[in-house]
Amino acid sequence: MTNLLVDSLYVVAAMLFVLSLKFMAEVRTSRVGNICGVAGMAVAIGATVVAYQTQNTSLLVGAVVVGAVVGSPIGLRVAMTAVPQRTAMSHAFGSLAVALVGAAEYYRSAPAIDPFTMSVLSGEMVLGFLTFTGSCIAFAKLQGLISGRPHLYRGRMYVSLGTLAVAIASAAYLVVNPSQEVVLLVVAGAALLFGFLLVIAIGGADMPTVIAILNSFAGISAAALGFILDNKLLIVAGTLDGSSGLILGIIMSQAMNRSFTNILFGGVGAAVASEAEGVRVAQTYTADDVATVLRDARSVIIVPGYGMAVAQAQHAVKELADAMQARAIDVKYGIHPVAGRMPGHMNVLLAEAQVPYDQLWEMDKVNPLFPGTDVAIVVGANDVTNPAARTRADSPLYGMPILDVDKARTVVFIKRSMGPGFSGVGNDLFYLTNTMMVLGDAKRVMTDILASVRNLRD
Amino acid sequence: MTAISSADLVTNLLIFLLATVLGQELIRHVSRLLHTPLMALTNAISSVSFIAALIVLAEPSSEDVQLLAAVAVALAATNIVSGFLLTDRILRMFRKRKPEK
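Which chain is which? The protein sequence lines are H and A, in order.
To convert, note that position 429 of the first sequence is 429 in the working numbering; the numbers rise steadily by one, no gaps.
To convert, note that position 75 of the second sequence is 75 in the working numbering; the numbers rise steadily by one, no gaps.
Just so you know, the hints here were simulated from the structure itself, not pulled from any lab data.
Careful, some of the hints might be misleading.
[What the hints assert, rightly or not] Below, simulated DSSO-like cross-link-like pairs (lysine-lysine); rule was C-alpha separation at most 30 Å, straight line:
id: 1; chain 1: H; residue 1: K443; chain 2: H; residue 2: K365
id: 2; chain 1: H; residue 1: K232; chain 2: H; residue 2: K22
id: 3; chain 1: H; residue 1: K443; chain 2: H; residue 2: K332
id: 4; chain 1: H; residue 1: K407; chain 2: H; residue 2: K332
id: 5; chain 1: H; residue 1: K365; chain 2: H; residue 2: K407
id: 6; chain 1: H; residue 1: K407; chain 2: A; residue 2: K96
id: 7; chain 1: A; residue 1: K96; chain 2: H; residue 2: K365
id: 8; chain 1: H; residue 1: K365; chain 2: H; residue 2: K22
id: 9; chain 1: H; residue 1: K22; chain 2: H; residue 2: K332
id: 10; chain 1: H; residue 1: K332; chain 2: H; residue 2: K365
id: 11; chain 1: H; residue 1: K407; chain 2: H; residue 2: K443
id: 12; chain 1: A; residue 1: K96; chain 2: H; residue 2: K332
id: 13; chain 1: A; residue 1: K96; chain 2: H; residue 2: K443
id: 14; chain 1: A; residue 1: K96; chain 2: H; residue 2: K22
[Stated by the list, open to error] Derived contacts from chain H toward chain A, CB cut-off under 8 Å, selection only:
id: 15; residue: H91
id: 16; residue: L100
id: 17; residue: E105
id: 18; residue: A218
id: 19; residue: G219
id: 20; residue: A223
id: 21; residue: F227
id: 22; residue: G238
id: 23; residue: S244
id: 24; residue: P343
id: 25; residue: G344
id: 26; residue: V348
Note that this is a predicted model, so its numbers are computed, not measured.
Positions of the beta carbon are idealized from the N, C-alpha and C atoms, including for glycine.
Bound conformation, chain H alone:
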């Protein structure tokens, strides 16, 4: 195959990738988007396989078989609650692949590498390797293999940044002396260690943002590899991925009113804030009480949080929503951007429970509706409803955009116990006169409310 033909096919593939993201804009066309992505990948791989005859067919086929055998069950079977972990793992795989190709390219061509290529190559490897270990730690935290608490110690900033400095300095040394092959191991080792140190110090509640940032790193390192190999398709694909991670990261950090620096180096969530609350008494109610309130309701907004998924309550929530709709109650779901464990996660969890997506309302659109809503039902969420974010300047949550559930006529708050949320901050909402606290396992409480609603006599 001629170079021109291969390059033209790469243009086609790049165009298909762009179209793929274009079609992802809305649900209606999104599956076409995925098909465009598959088509682009098929064109890219097909052109490459024909144009670049491999030196070692059995090795290549073996590697592809391993990839397909490992990848298929992940794609077909991973639980929707486990998609955040899987995403962290895919960033680990992607960035490691890119870093290894970078290393292979270095060993193949060293020392005949010009300084520009060598600087991109070493930068790419630093980014790739740190993303690999960072994503592995994110995976371990999300999977519950290690504690979600940030692991903090005195002077950790100096240790982390010192490690990064070693990685960058040794990378710079390689640019000047590309023949010193052993230095590459120092670059790799320091970058791997930095990724570990960076993410181990970040709390579990910040993982949605961390995943997005690591997504961005993985994409940028792939684009850098495109520069090294002068492969424009890889530059485009990597950059699109990097852009996506960056934007999702910005959305996540804005939804928590935090800067990237604060998330990456803040160590938030370590000490449980012990506010002097005084003794406040929340009114607790039963499922029957809730059903009584729902009897006269015309509009209900359900605010789900990850606790709902932990309790496996999403199907019970959906059934209750159906029962309410059968009573001609208007039901919407109010989704906070950080609900769940990764960007958009809550929508997926509810879609899996067969909640129609036109009932899922994002925060900015649903907030103006709370004042005219009869009942807001909060299930498995906490911090994202805490009015302290609006009113208490001394609260760690202050400034965070929240769902204005307190403006609804009645708030039903379903909660396992009276403990604080992820942030460790108590929720003023519990003590408002229009709040009905229902304590217990979310799934059991929802099932009880459902039974009570079905028993209602008008």
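Mind docking chain A on chain H? Use the hints.
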């Protein structure tokens, strides 16, 4: 490896910048409903680094280099297969409200 000419470099930088702007525009328009499958999709797409490993494997090189590239192939292939399959699986779950019974 052939040294990259400055003309190539400028072209590549231009592509990078244009792709950045285009990427920001495209992603901004993606519905918030779909951010999770979007991540799975872009991850699969950027695993086109698969072809970079293929290109390295096509050059004569030592066994160590071949092995590094082969591991990269396996990792990228895992992402491609799982990424597209998972994206489709998630997207199939999104459905509109059924007409009133």
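Where does the structure disagree with the numbered hints, that is, which hint numbers, in rising order? none
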